[in-house]
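Join the two chains, each given in its own frame, into one complex according to the hints.
Chain by chain, the residues run as shown.
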Amino acid sequence: MHKEYLTVTNIVGPLVIVEKIVDVKYGELVEISSPGGQLRRGTVLDVSTERAVVQVFEGTTGLDIDKSSIRFLGGSQTLAVSKEIVGRIFDGSGNPKDGGPKIIAKKRRDINGRPINPQARDYPSEFIQTGISSIDGMNSLVRGQKLPIFSGSGLPHARIAAQIARQSKVLGKKEKFAVVFGAMGITFEEAYFFIEDFRDTGALERSVIFLNLANEPPIERIATPRLALTCAEFLAFDLDMHVLVVLVDYTFYAEALREISAARKEIPGRRGYPGYLYTDLASMYERAGRIKEKPGSITYIPILTMPEDDKTHPIADLTGYITEGQIMLSRELHRKGIYPPIDVLPSLSRLKDKGIGEGKTREDHADVLNQLFACYASGKEARELALILGEAALSDMDKIYMEFAEKYEDEFVCQGEHESRSISDTLDIGWDLLRMVPKGELKRIRPEFLDKYYFIEK
Amino acid sequence: MKKGKIIRTAGPLVVASDCLGAKMYDMVKIGDIGLIGEIIELKEDRAFIQVYEDTTGIGPGEPVELTGKPLSVELGPGLISSVFDGIQRPLDVIKEKEGNFITRGIEVPPLNREKKWDFKPFVKKGQKVEEGDFLGEIEETPLIKHKIMVPSGKNGTVIKIKKGKMLIEEVAAVIKSEEKEHEVRLFQVWSIRKNRLVKKREMPEIPLVTGQRVLDTLFPLAKGGTACVPGPFGSGKTVVQHQLAKWSDAQIIVFVACGERGNEVADLLLSFPELKDPSTGRPLMERTIMIANTSNMPVAAREASIYTGMTIAEYFRDMGYSVALMADSTSRWAEALREISGRMEEMPGEEGYPAYLASRIAEFYERAGKVICLGSDKREGALSVIGAVSPPGGDLSDPVVQSTLKVVKVFWALDDKLANMRHFPAINWLNSYSLYAESIKDYWDKEIAEDFSEIRQEAMKLLEKESELQEIARLVGVESLSDQDRLVLESSKSIREDFLHQNAFHPQDTYTSLRKQYLMMRTIIHFHNSGLKALKEGINLEDILKLEIREKISKMKFLEEKGDDPDVLELFIEINNVFKELLEKKG
Chain A
1361 MHKEYLTVTN IVGPLVIVEK IVDVKYGELV EISSPGGQLR RGTVLDVSTE
1411 RAVVQVFEGT TGLDIDKSSI RFLGGSQTLA VSKEIVGRIF DGSGNPKDGG
1461 PKIIAKKRRD INGRPINPQA RDYPSEFIQT GISSIDGMNS LVRGQKLPIF
1511 SGSGLPHARI AAQIARQSKV LGKKEKFAVV FGAMGITFEE AYFFIEDFRD
1561 TGALERSVIF LNLANEPPIE RIATPRLALT CAEFLAFDLD MHVLVVLVDY
1611 TFYAEALREI SAARKEIPGR RGYPGYLYTD LASMYERAGR IKEKPGSITY
1661 IPILTMPEDD KTHPIADLTG YITEGQIMLS RELHRKGIYP PIDVLPSLSR
1711 LKDKGIGEGK TREDHADVLN QLFACYASGK EARELALILG EAALSDMDKI
1761 YMEFAEKYED EFVCQGEHES RSISDTLDIG WDLLRMVPKG ELKRIRPEFL
1811 DKYYFIEK
Chain B
11 MKKGKIIRTA GPLVVASDCL GAKMYDMVKI GDIGLIGEII ELKEDRAFIQ
61 VYEDTTGIGP GEPVELTGKP LSVELGPGLI SSVFDGIQRP LDVIKEKEGN
111 FITRGIEVPP LNREKKWDFK PFVKKGQKVE EGDFLGEIEE TPLIKHKIMV
161 PSGKNGTVIK IKKGKMLIEE VAAVIKSEEK EHEVRLFQVW SIRKNRLVKK
211 REMPEIPLVT GQRVLDTLFP LAKGGTACVP GPFGSGKTVV QHQLAKWSDA
261 QIIVFVACGE RGNEVADLLL SFPELKDPST GRPLMERTIM IANTSNMPVA
311 AREASIYTGM TIAEYFRDMG YSVALMADST SRWAEALREI SGRMEEMPGE
361 EGYPAYLASR IAEFYERAGK VICLGSDKRE GALSVIGAVS PPGGDLSDPV
411 VQSTLKVVKV FWALDDKLAN MRHFPAINWL NSYSLYAESI KDYWDKEIAE
461 DFSEIRQEAM KLLEKESELQ EIARLVGVES LSDQDRLVLE SSKSIREDFL
511 HQNAFHPQDT YTSLRKQYLM MRTIIHFHNS GLKALKEGIN LEDILKLEIR
561 EKISKMKFLE EKGDDPDVLE LFIEINNVFK ELLEKKG
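Top line first, the protein sequences correspond to chains A and B. Residue numbering for the first sequence is 1361 to 1818, as defined by my numbering. Residue numbering for the second sequence is 11 to 597, as defined by my numbering.
Isolated chain B (complex conformation) (with noise of 0.2 Å):
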């Protein structure tokens, strides 16, 4: 293999020569230890190459291995439930061979090589197939079967096919075309910049049921799209996320910790083998991957863990799944390359970023959709990825934000005024939005409620006015106010603390399916509508807000889930009685 030399160490930058013939992000083995680097800038015979590990105690004079391939990830049977690093190396590996503390320069392999699989063939010999068509599975878990597929580009004929028990270097088929013959193991290799390639894209309108009522009914995400969530420190970006990757009814979850607390990561690991999916009751570790690049791991790979995490996200699209990719923070992913450029003495743009930020975050989440997958069945499969951002003292003209929002379709506003009043999730009903509301309005309309999204429009108008009523309150006071508008106030106060508020780490609040986020805002609606007749007829606002079935409309979410919600509906026809007492009473 080729070999250059060190001319030069700065921290992750190392510059060698003697590199002629190397390409662009090729990969390179550094020094006597063989640190893992990726070419990033070519210069005469020079390559500028950032390293994905520390670079202590390497100087000049050393070699740089080229390895002539782009950095890549193996994609295969035994990703599930695996936490990788940055450049897809097994955690639970490195721990085992290192100890406690993570070393340089450890080769492992991403996928087990001993672990036998058992394949199931769905093809025969002599059957003609094309990329992207299953040619078996594997029952990684019991929640996951993994699909082998035909690599892009091989269509031809069956001419080989195996079954039972076998290892992933294995040759599980082969393919013939042209004369050639291909052999497909159970794994393949892909390049972490480049996307992984589809028949068609589609238009997403299905939602992406996260359980979390603020988005599931004011600000959806349908699956296939992207959404960003930027707050301050303290807002609660990280217990969003992990709400959607614990509930959301995707059916493989990625999860990219990008340079951010190695506690968190721990939380993750140790929760999830414990906490059950609730449409199947098995542990969510067997739906999801972790990329755990935490803050203090080398900063190069920061940049890397965004790519390998969406190309792992990209491969289980291909089987037809409906993914989620979660990405905490992509503000921590920018500094990287921020960090990466200063180094190379780049033309900084703003606030130090390089220029080609915006591109890269556009290209990133552009790799999301809804897709027609390769494949002769033309089956549908659906990429979200929901990325964090943290921005400089909660600053929403951050470079990285204003970049992120120019590409996503939901905005979920974090407002640190509202997590100082622990009003959790800390979404900002009036900033954030939702262009997928229009898409997936047919969906909520047919198979939820047909006045779904007609008692959402509700709701929205209440907060929109009480945002003015507070105005006018501020100045003049809330006496001056009508009884109408003090009802709105009231009203929108009980959406507020009885439906937007959700506590994470209530059993039975952490989660609201669709339906019973239906039947709860009807509930509210229904009383503010009955609340308006009722002034209307002359009873007294006081008397309205006295009655005790508002006490009850505020412990609505900690309710039970049980099929048709009888508690909720209940509510419904008593909120009817007591406003027909008080006219009784009135006469």
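Looking at chain A on its own, in the form it has when it is part of the complex (with noise of 0.2 Å):
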């Protein structure tokens, strides 16, 4: 039997600070018991010899000095995984919230994982078709790769995720597919979105769901993604599994950081959040990826909403500098009632060079979505140009390259969500584009495609 404390002395937002113990470690779990004898569950943040500092999951209301008893339970929070858990909704503390039985756990997993070793990790390099033309053209996911879509409040970032989950699939392959979701701090409307869009396609049954909806423990979101990532890694590496991540919305998650952090009263980094938020959101980002010699792998699409658009944001700043690339969603274009609003030229896929080309996609892609880049730089920069001066003072140059925009954003970005583009046909539409533009400007596009390809009419 675990020792039970009395000892609670102070009681600071989600933290609880115990003293008089004995023998507890750092990250040990603990197990809360309120007066109305309800249990909630934490983590040991701080040990010293004569107390102990405890993050509450489930928040610290109706917590009292007097009566809460505290219990450390030995070795660090964990979740039971089985065959069994695909098809299941859970809570974001890992209990069943689907009304069916508990997980038998053949394996307990420590939710905190731990790193992978660089010298085993595979490089992603298999290119993921999502259908979305603005993906698969000029961003190209691949398997194994942690890509997030920066949104902002209003925009459709759900519809978008729900639609590459619907519709990834790897070229001329059949294998072993899951989704792990997990929201963090969305509303209930969002979350059921998600569901009934899974139940619809069928994707419910070879889906795992987590959720911490809005009105739940803002500090539940700390455990949440942590274990839809464990979760995901015992699919992948353990069944060998193609597991694609989609958590929601990691501004909340952050939000819940800071709050623990302002409680411990440590020195705030920018904007109020602590100094260790890279370091926080990599232990988690860095959980994607392929291992040598074994089949499965996490691709990983993590969204966030930035703070009026902000991409400077702390959240969405080092969110970027650790993920390979970003979608990112253009409010312009939303307005202009362009689906899906992904603004191509500041989107990056880091790793989409080594998968695309001769025997992945096409051979003539890279060179295609280079010019098409440029090409639309280009045309938006006339376009600015055209506002200050009045159309008259452009070149003549600079009016083929303002019509390519419009038409690239009508016609290359703009498509149905659930329009399925296969990569051939992006292209297609690419290269229809690039004939509005004279040749010789075609610099990035390597001669022989430019034979090959710019004079094919449909």
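In short, the hints are calculated from the structure, not lab data. No experiment lies behind these values; they were computed from the predicted model shown. Take these hints with a grain of salt, some might be off.
As a list, the in silico DSS-like pairs of lysine-lysine whose alpha-carbon atoms are at most 25 Å apart [as the list claims (entries may be wrong)]:
(1) B/Lys562 <-> B/Lys471
(2) B/Lys33 <-> B/Lys15
(3) A/Lys1740 <-> B/Lys503
(4) B/Lys427 <-> A/Lys1759
(5) B/Lys53 <-> A/Lys1625
(6) B/Lys15 <-> B/Lys79
(7) B/Lys427 <-> A/Lys1740
Every beta carbon over 12 Å from chain B, so not counted as near; a handful from chain A, in silico [to be verified]:
(8) His1362
(9) Glu1364
(10) Pro1395
(11) Gly1397
(12) Lys1466
(13) Arg1566
(14) Ala1574
(15) Glu1619
(16) Phe1733
(17) Lys1740
(18) Ile1760
(19) Val1797
(20) Lys1803
If you want a taste of the chain A side facing chain B, the calculated C-beta under 7 Å gives, among others [unchecked claim]:
(21) Gly1387
(22) Asp1406
(23) Leu1433
(24) Ala1440
(25) Ile1445
(26) Arg1448
(27) Pro1475
(28) Ile1476
(29) Pro1478
(30) Tyr1483
(31) Ser1485
(32) Gly1629
(33) Tyr1636
(34) Glu1646
(35) Ala1734
All C-beta atoms, glycine included, are put in the ideal place defined by N, C-alpha and C.
Structure below.
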């Protein structure tokens, strides 16, 4: 039996401070029972010979100094994993939420995971076709990549994520595939949208869902993504599945982390977020990837809403430094009625180069995408110029580029929510657009591909 | 061994009591599983320890073993081609022992103890030697002869010298000085926080050729110099670092992946054995050492990783090699400093960074340099350091960027506007600078071509002029510019697109020799000057811009490199011809 302590001396925000403790370890899992007899869980954040600082996942509402009791359970928080986990819905602490039975644990995994040895990593290079041109064509996703969606409030990131989950496939292969979805602080409606969408397309039975909704304790959010990733690691590296992890919304996660940091009176970094936000985010994002000689993979799409659409906000900024690129949504395109409103220029996929080209997508892919980028950038520049000086002041070339940019947004970026384009369709649309530009201007395309594709008409 | 007792654990910081006698920066082993840590503050009998591994499960009451030795690295054969974590544990051995995920408290020797090396002695019994002298060498890889040197402070007479296959722990030589005998093994141990000694420092004046046109021609780094690459995420810092690691003409590359992505390390690990060194044709891995402490690995070890890399780099410099160290990214290292400092409740400076940030950064870069090494042969060695900096939001007023700019001599400013236009390398030609351009000038003009620096100057002037003209064009429209000015715009566009823009993933374009860089730039400038002359003769600007040779100029970079680059030379002559034709047509 574990010793029970009644020595709580201080409760502040999400933290409880216990004194006169014996043999407590850093990171240990804690069980707290409130005066009403209700059980909560927590973890040790700081321990000295005299006292321990405990962070309570379910929040401290209803706890008191006098009667609350605390037990240190030894070991850290774990998740029970077995094959039966697929198709289930859990709450943010890993308890079943779908009325089903508890998972009979074949294994219990520490939710903090362990870092993958860089020497064991295999470089992600398998192209995933999402059916969305602005991702496949311009910022291709590969298996084992972590590619976040940088969104803003009111933008359709949920629909895009659902579309990716629905349509993703690797060309010419049929393999075991699963989706792990984690909600951190989003509303019931948003979560409901995902679950219904998964249900409609039959994806639910190959999904695992962890839900921490907006009205649930914020501190639980610290555990939610780690539970989801621990589950994903089990599916990918024990059961050899290809796992797509979608986690919304990291902004709420970071806010919860800030709350704890503030309660501990730590020295804040930028905008009040703790100085270790980078390390903390990295400990989750880096769990995506592939391992040599293992067939499974974890592809990771975290979603965050940038406050005021500001990509220099610490959450977006630090995420961008860890992840392998980002898909940036644009309010301007959204206002124009373009779905998906993916702003191609600031978006980036760092791993695309090894995932595209001959034998993977198509030989001309890299050149076409570079050229489309360059033309679209020139077009947008011309558009700005026209705003200042009027269209009359533009040179002929500028006018062509401006028209290119318009068409690019309308025909290449814009597509249906249930439209899944093959990669060669996407590239063909790209060529259709490039033909608007004189051949001599297409400097990013190798001559042999220009000869092969430029003059073919539909 | 003396033992203390843990009284507090908070993340990567552990406080222990009963530690009287411990010294600053001594290495300690923590808890029952023996995690590695380093003492960073002493207060009465308490020691504050930063721990290089995850401290989950460590609590008060557990022992702390004081080793009495500073955190050190092992220097000897077996370093090349290795991949170490931040405190020099070989990751491949860890993988063999523990599987795909890293566990804690593993003890593995940094250098292979079982491998036998063929030692060829250079000295004879009875010979007098001084510190730094070569006792012999080992062919570690076909590219690298690993010299075994007399350790510093051990001048004397060789009284025993061995030859042939031996383990690194065996005694290779015995040196007698002042009646004391020193055994020299194939490896030495050196504290990571202590500079390795040199005879003399010198001024760097030979360029480190990287094959990257914008760097070599416009903003060169000298062998033994320091450079920094700051930029927001997505602007291509890592690609620049990787390109340098692949193509720069240093003999040894030490790559420190400090708090960065695991997949990037995987990329280097998988591609380096395949990529060939352009000058020798051997796999690049045979001259590379990697320190990989990815962002999810323990934060304190990130702090150490930079010093581990630096000490190894200095060791090879001491052998007389030209070494280049890349650190990606120093911001993550600074953040590790900040995290530890915060946990120790130190008074923070700017942005929460500790007040000693600037001095730590300066100390780090000052370990670079061109030197006369220890040893009686007065050989030269060089250690160039290139640090990536990742300022939040790309804001250059960040304390890490500012402290770095105070010490480095080359500034490669990455610009996300250029990156968005997919102009790579996204190095801004107006903001970047190199303070070595003056001292390298002699080398260029003597070794490459006598008008190299002149042509470079002209190109820089054109780019400068372009930004002025663009400003005017934005206000009054391009039409109102004179033909001469419009030609300047076109030519600088050609410099930007046909010269500065370089595709790291194109087999030809990824590397350009200094000679070809010169020829390319000369061709572009020649076209510009010929154009100016033609305008004076009354030729229409439109006719000049319509010339087909411009397309050929734009494809120069894809031409295969061979000998004297006849294809590029030919273009030069062709330009003369087409302009002559233009003039003749006009009559």
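Here's how the hints hold up against the structure:
Using a Cα cut-off of 25 Å, the hinted pair B/Lys562 and B/Lys471 holds, with the two alpha carbons roughly 24 Å apart. Taken as a hint, the B/Lys33 and B/Lys15 pair is honoured in the structure, with Cα atoms around 16 Å apart against an allowance of 25 Å. For the given pair, A/Lys1740 sits about 18 Å from B/Lys503 by alpha-carbon distance, which is consistent with the 25 Å threshold. At most 25 Å may separate the alpha-carbon atoms for a hinted pair to count; B/Lys427 and A/Lys1759 meet this at roughly 22 Å.
Distance hint between B/Lys53 and A/Lys1625 is fulfilled; the C-alpha atoms sit about 23 Å from each other, no more than 25 Å. A threshold of 25 Å between alpha carbons decides the hint, and for B/Lys15 with B/Lys79 the separation of about 18 Å falls inside it, so the pair holds. Restraint check: the Cα-Cα separation between B/Lys427 and A/Lys1740 comes to about 12 Å, which is no more than 25 Å; the hinted pair holds. Residue-level check passed: A/His1362 sits 14 Å from the nearest beta carbon of chain B, beyond 12 Å.
The beta carbon of A/Glu1364 is kept farther than 12 Å from every beta carbon of chain B, the shortest such distance being approximately 18 Å. Non-interface status of A/Pro1395 relative to chain B is upheld: no Cβ of that chain comes within 12 Å, the nearest being about 28 Å off. With a minimum CB-CB distance of about 28 Å to chain B, A/Gly1397 clears the 12 Å threshold, and the non-interface call stands. Distance check for A/Lys1466 against chain B: the nearest CB is about 19 Å away, which clears 12 Å, and the non-interface claim stands.
Non-interface call for A/Arg1566 relative to chain B: holds, since the shortest CB-CB distance, roughly 24 Å, exceeds 12 Å. Against the 12 Å criterion, A/Ala1574 stays outside the reach of chain B, whose nearest CB is about 28 Å from its own CB. Look at A/Glu1619: its CB is around 17 Å from the nearest CB on chain B, clear of 12 Å, so calling it non-interface holds up. A Cβ of chain B approaches the Cβ of A/Phe1733 within 12 Å, the least distance being about 4 Å, so the stated non-interface status is violated.
Residue-level check failed: A/Lys1740 sits 9 Å from the nearest beta carbon of chain B, not beyond 12 Å. In this structure A/Ile1760 is separated from chain B by more than 12 Å, as the shortest Cβ-Cβ distance comes to about 15 Å. Under the 12 Å C-beta cut-off, the non-interface status given to A/Val1797 relative to chain B holds; the minimum distance is some 14 Å. The claim that A/Lys1803 is not at the interface with chain B is violated, since a C-beta of that chain comes within 12 Å of its own (minimum 5 Å).
The beta carbon of A/Gly1387 comes within 3 Å of a beta carbon in chain B, closer than 7 Å, and the hint placing it at the interface holds. Proximity of A/Asp1406 to chain B holds as hinted, the smallest CB-CB distance being about 4 Å (cut-off 7 Å). Against a cut-off of 7 Å between C-beta atoms, the interface hint on A/Leu1433 is violated, since the closest Cβ of chain B lies about 12 Å away. Residue-level restraint check for A/Ala1440 is violated (minimum Cβ-Cβ distance to chain B is 19 Å; threshold 7 Å).
The restraint placing A/Ile1445 at the interface with chain B is violated, with a minimum CB-CB distance near 20 Å, outside the 7 Å limit. For A/Arg1448, the interface hint is violated, since its Cβ never comes within 7 Å of a Cβ in chain B; the closest pair sits about 25 Å apart. Using the Cβ-Cβ criterion of 7 Å, the hint placing A/Pro1475 at the interface with chain B is satisfied: the shortest such distance is roughly 4 Å. For A/Ile1476, the interface hint holds, the least distance from its beta-carbon to any beta-carbon of chain B being 6 Å, beneath 7 Å.
For A/Pro1478, the shortest C-beta to C-beta distance to chain B is roughly 4 Å, which falls under 7 Å, so the interface hint holds. At its closest, the beta carbon of A/Tyr1483 sits 5 Å from a beta carbon of chain B; the interface hint therefore holds under the 7 Å criterion. For A/Ser1485, the shortest C-beta to C-beta distance to chain B is roughly 9 Å, which exceeds 7 Å, and the interface hint is violated. Interface restraint check: A/Gly1629 against chain B, minimum CB-CB distance 5 Å, threshold 7 Å, status holds.
A least Cβ separation of about 5 Å between A/Tyr1636 and chain B falls short of the 7 Å threshold, and the interface hint therefore holds. Using the Cβ-Cβ criterion of 7 Å, the hint placing A/Glu1646 at the interface with chain B is satisfied: the shortest such distance is roughly 4 Å. Hint on A/Ala1734 holds. Least Cβ distance to chain B is approximately 6 Å, under the 7 Å limit.
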